[in-house]
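Participant: As they're listed, the protein sequences go chains A and B.
Per the working numbering, the very first residue in the first sequence carries number 412; after that it's consecutive.
Per the working numbering, the very first residue in the second sequence carries number 412; after that it's consecutive.
Honestly, the hints are just simulated from the structure, not real lab data.
Every residue gets a Cβ at the ideal spot worked out from N, C-alpha and C, and that includes glycine.
Among the hints, a few may not be true.
Estimated spans, in silico, between C-beta atoms of each pair [stated by the list, open to error]:
hint : chain 1 : residue 1 : chain 2 : residue 2 : range
1    : A       : 603       : B       : 606       : 55 to 63 Å
2    : A       : 463       : B       : 431       : 44 to 52 Å
3    : A       : 521       : B       : 435       : 53 to 61 Å
4    : A       : 552       : B       : 423       : 47 to 55 Å
5    : B       : 593       : A       : 693       : 53 to 61 Å
Sample of chain A residues at the chain B side, in silico, Cβ under 10 Å [as the list claims (entries may be wrong)]:
hint : residue
6    : 599
7    : 759
8    : 769
9    : 780
10   : 782
11   : 824
Below are the chains, spelled out letter by letter.
Protein chains: 2
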Amino acid sequence: LLLYWAHVCLGVPDPHVRARLMQEEASRRTGGRVLLTESEQKLSERLHKLKEQEIAGPQFPPMMHFFEAQPFIQRSPIFSLLQRMPKGAALHVHDFSLVSVDWLVKNVTYRPYCYICFTKDQSVRFLFSAQQPLPRPQCSTWTLLETLRAKVGNVTDLDNSLIGNLTLFTADPGAAYPSQDMVWKKFEQTFIVTLGLVTYAPVFKEYFYRGLQELYMDNVMYLELRALLPKTYELDGSMHDRFWSLRTYQEVSRQFVADHPDFLGTRIIFTVHRGLNDSQVKEAVKMAISMQKTYPEVMAGFDLVGREDSGRSLWYFREALSLPVDLGITLPYFFHAGETDLQGTEVDGNLLDALLFNTSRIGHGFALPHHPVAKELSRKMGVAIEICPISNQVLKLVSDLRNHPAAVLMSEGHPLVISSDDPAVFGATGLSYDFYEVFVGIGGMSSNLGTLKELAINSLRYSSLSPQQKEEALALWQKKWDKFVVENSQ
Amino acid sequence: LLLYWAHVCLGVPDPHVRARLMQEEASRRTGGRVLLTESEQKLSERLHKLKEQEIAGPQFPPMMHFFEAQPFIQRSPIFSLLQRMPKGAALHVHDFSLVSVDWLVKNVTYRPYCYICFTKDQSVRFLFSAQQPLPRPQCSTWTLLETLRAKVGNVTDLDNSLIGNLTLFTADPGAAYPSQDMVWKKFEQTFIVTLGLVTYAPVFKEYFYRGLQELYMDNVMYLELRALLPKTYELDGSMHDRFWSLRTYQEVSRQFVADHPDFLGTRIIFTVHRGLNDSQVKEAVKMAISMQKTYPEVMAGFDLVGREDSGRSLWYFREALSLPVDLGITLPYFFHAGETDLQGTEVDGNLLDALLFNTSRIGHGFALPHHPVAKELSRKMGVAIEICPISNQVLKLVSDLRNHPAAVLMSEGHPLVISSDDPAVFGATGLSYDFYEVFVGIGGMSSNLGTLKELAINSLRYSSLSPQQKEEALALWQKKWDKFVVENSQ
Ligand SMILES: [Zn+2]
Ligand SMILES: [Zn+2]
Numbered sequence: 412l413l414l415y416w417a418h419v420c421l422g423v424p425d426p427h428v429r430a431r432l433m434q435e436e437a438s439r440r441t442g443g444r445v446l447l448t449e450s451e452q453k454l455s456e457r458l459h460k461l462k463e464q465e466i467a468g469p470q471f472p473p474m475m476h477f478f479e480a481q482p483f484i485q486r487s488p489i490f491s492l493l494q495r496m497p498k499g500a501a502l503h504v505h506d507f508s509l510v511s512v513d514w515l516v517k518n519v520t521y522r523p524y525c526y527i528c529f530t531k532d533q534s535v536r537f538l539f540s541a542q543q544p545l546p547r548p549q550c551s552t553w554t555l556l557e558t559l560r561a562k563v564g565n566v567t568d569l570d571n572s573l574i575g576n577l578t579l580f581t582a583d584p585g586a587a588y589p590s591q592d593m594v595w596k597k598f599e600q601t602f603i604v605t606l607g608l609v610t611y612a613p614v615f616k617e618y619f620y621r622g623l624q625e626l627y628m629d630n631v632m633y634l635e636l637r638a639l640l641p642k643t644y645e646l647d648g649s650m651h652d653r654f655w656s657l658r659t660y661q662e663v664s665r666q667f668v669a670d671h672p673d674f675l676g677t678r679i680i681f682t683v684h685r686g687l688n689d690s691q692v693k694e695a696v697k698m699a700i701s702m703q704k705t706y707p708e709v710m711a712g713f714d715l716v717g718r719e720d721s722g723r724s725l726w727y728f729r730e731a732l733s734l735p736v737d738l739g740i741t742l743p744y745f746f747h748a749g750e751t752d753l754q755g756t757e758v759d760g761n762l763l764d765a766l767l768f769n770t771s772r773i774g775h776g777f778a779l780p781h782h783p784v785a786k787e788l789s790r791k792m793g794v795a796i797e798i799c800p801i802s803n804q805v806l807k808l809v810s811d812l813r814n815h816p817a818a819v820l821m822s823e824g825h826p827l828v829i830s831s832d833d834p835a836v837f838g839a840t841g842l843s844y845d846f847y848e849v850f851v852g853i854g855g856m857s858s859n860l861g862t863l864k865e866l867a868i869n870s871l872r873y874s875s876l877s878p879q880q881k882e883e884a885l886a887l888w889q890k891k892w893d894k895f896v897v898e899n900s901q
Numbered sequence: 412l413l414l415y416w417a418h419v420c421l422g423v424p425d426p427h428v429r430a431r432l433m434q435e436e437a438s439r440r441t442g443g444r445v446l447l448t449e450s451e452q453k454l455s456e457r458l459h460k461l462k463e464q465e466i467a468g469p470q471f472p473p474m475m476h477f478f479e480a481q482p483f484i485q486r487s488p489i490f491s492l493l494q495r496m497p498k499g500a501a502l503h504v505h506d507f508s509l510v511s512v513d514w515l516v517k518n519v520t521y522r523p524y525c526y527i528c529f530t531k532d533q534s535v536r537f538l539f540s541a542q543q544p545l546p547r548p549q550c551s552t553w554t555l556l557e558t559l560r561a562k563v564g565n566v567t568d569l570d571n572s573l574i575g576n577l578t579l580f581t582a583d584p585g586a587a588y589p590s591q592d593m594v595w596k597k598f599e600q601t602f603i604v605t606l607g608l609v610t611y612a613p614v615f616k617e618y619f620y621r622g623l624q625e626l627y628m629d630n631v632m633y634l635e636l637r638a639l640l641p642k643t644y645e646l647d648g649s650m651h652d653r654f655w656s657l658r659t660y661q662e663v664s665r666q667f668v669a670d671h672p673d674f675l676g677t678r679i680i681f682t683v684h685r686g687l688n689d690s691q692v693k694e695a696v697k698m699a700i701s702m703q704k705t706y707p708e709v710m711a712g713f714d715l716v717g718r719e720d721s722g723r724s725l726w727y728f729r730e731a732l733s734l735p736v737d738l739g740i741t742l743p744y745f746f747h748a749g750e751t752d753l754q755g756t757e758v759d760g761n762l763l764d765a766l767l768f769n770t771s772r773i774g775h776g777f778a779l780p781h782h783p784v785a786k787e788l789s790r791k792m793g794v795a796i797e798i799c800p801i802s803n804q805v806l807k808l809v810s811d812l813r814n815h816p817a818a819v820l821m822s823e824g825h826p827l828v829i830s831s832d833d834p835a836v837f838g839a840t841g842l843s844y845d846f847y848e849v850f851v852g853i854g855g856m857s858s859n860l861g862t863l864k865e866l867a868i869n870s871l872r873y874s875s876l877s878p879q880q881k882e883e884a885l886a887l888w889q890k891k892w893d894k895f896v897v898e899n900s901q
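The following block holds chain A by itself, in its conformation from the complex:
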């Protein structure tokens, strides 16, 4: 670069120097060094033209809130290409936001023994039970949904209001969620509502299978699931422990792979809430170690979840998080870190601390461009940032997605993968919506098919699979990719 600088200072812009500098900048970007075949170049040009049209159009979805943008995205030919594109792995998705909530309401709540009660703050709770369940504090008497539906005039209204309790979707998100506090409150609320349905053991299994199906339908071939691994229950009130949940994920995933041999499977990142205290997190870390020992094939590592701004910092849990190393054990971490707009707070230190605790990837890393030292470390350590643009927008970290900080990371070619965080709660499915926002909004006219290709490859390269598994996964992906390119480059 210094060489060019000498030319620059003369004040006469040499077109060759200019071209070289632009080339240098392009080559640093995510996908900037990917060599494209002739067919790939054709497809890339096609995408470029489509993007120009999309930018020139009257509505540019990445500027809009996802809830308002979604119908426009669905009509976009770029989106339809992205849906067909083999996207590799989903590396940052949470356990109970895997399946479109419609199914929960229109199928699961119609099953026998499904009880509902109503809380004072206009929410609901669900429970499957063979007999009338014991009353729960702060909630009305449990009513069988079957009975309730027979009583109410308009079942559709009831079902829609149930759906409203399970998702953040609303026609006017600006009015409904004026602040991060408000949107997080509702966000955590939806999980509590979901929990009653999905921790019913039979639903738990089926839910996960359907979750894999939604990803598979979106041309995702492998999943690393952030999972709370809650205890689950049966109709008679008997309980299964966390190990049952882990085992069940493994079994269901194996079944899914048996049914769909071009799907590679699932690995689990055990997560607990950062609202826990130090000794509770210690217990959780020990549990993770024990899970890893018993189920090394499916168990990938450990993470803390919940809103960073109102939770405890990684440094607060330093004793608990040092446990594995103290015991001479390697427990991979996959920390959420830097999911914040506030700079210089204790929580804003999570990024550096995640790296100091040798994290394998970083969830969100929204604040990373504000931390040049942490950014240098993560690049040198090959720690990929899991970018979830729709999540960041819906949770009000950023509005116009062209301003998403991933644009900075992409321009520098920082290790990145794209994921969807909690697609069902946001009304999304699979990874294609997030890929759309990244490709059209965050990348702007600078991103091309090389960007998409590198992002898809990254999702396997930065997964927790073994080197050998990665090689196999990449080979399978390449076959799918070549087919996709051939079919769409005309």
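With chain A fixed as given, assemble chain B with the ligands onto it according to the hints.
Facilitator: Chain B with the ligands only, in chain A's frame:
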């Protein structure tokens, strides 16, 4: 950094390594290497505490649109400290948005011979004239404002509607300006309305004097004005040329300095609209060269203005902009560049081209963090970015100012100055509002008194003053600063 990395990879976070890395990150920030005296440290701690309170409060102004945030900012004790702080120079302010619009309506339009006409798109035009002016296309018959005011029942309503034509301010900016297109349309409209008033030669002089006064009241000591240098007119319709405007700025500024010896004066950056064609820009560059020759003391350089996204790129004007070098003349450039959310467009190339044309500073540079090569060049060349956060927010490049890209530049200690662009149109005055947004919002808890000190010093260091003038300016500023610190560190 590599040294630390070795420690990191062990996976056991060493608190000393952690502290060093945090220190390293802090030292890279704007102001991170500024040594503070004991009194300065006291004041810095006071500001830190105030900021913590502000962040914990129910309303955090940098998250809000400036029009909604302004009353909260006015009540902030940090803002009141920033108003008293000697801020150095205003380096990016436009000629006809210098003076609060109230004065234009409540004083200037009350003068004799002030005519008004009404356009079809609900705007107005003003003109001073000794006799009934000739009708203008697309505008109603000219009416004396005196006559109109005598006729209408409610003069306050009339005046408020005139104010509404001169500023972007509105109680509900989200509804009034749903898109960048809409807000820019109204923005350019306000200038056309203003023009009729301020190009009346007597008003032109007075307006500028008052503009300097507003800056002086806000503890700004020097101005570099982006000026269109329009022709001005007298009551009898006779005209003064652009040179008259330039001379007048010099004279008025000298008068102001005579009246306020601790004000340093004004230099002018001649600007033309980027909507012009190549030969018109060539003429303008020639005009700038001639102005520089005739008035070297006041003439600082040249720039192009107007919305980048809808205007022509710097590269389009490359012939015109190469003229000075071709003639063996140095004409300093102060280009607006990168005032865009769109990535990879032709206009997005303005940043690199501004640097290739050896620009002295860059106006906005909003897109700079998306251009790592341009960013490296601007750092190496010592080209400061003029950050105008309120302008970027009102013109809808970004909503929550904590996401302003200057946060990235600040975290890397990139050369920066803070300015206000078009304070009057945004309902602001001086630089304090923008300093508030930078200090509290963009910098978050990471910025301290050292940040403010470096930003103030930067404004003189990166000005177009001669080395000797800079030294004198810095000495004067230091005296003011020391006084400010003593008075506020208790
Ligand atoms: Zn997450
Ligand atoms: Zn400007």
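Participant: Honestly, which of those hints from before does the structure not fit?
Facilitator: Checked against the structure, the only hint that fails is number 6, while the rest are satisfied.
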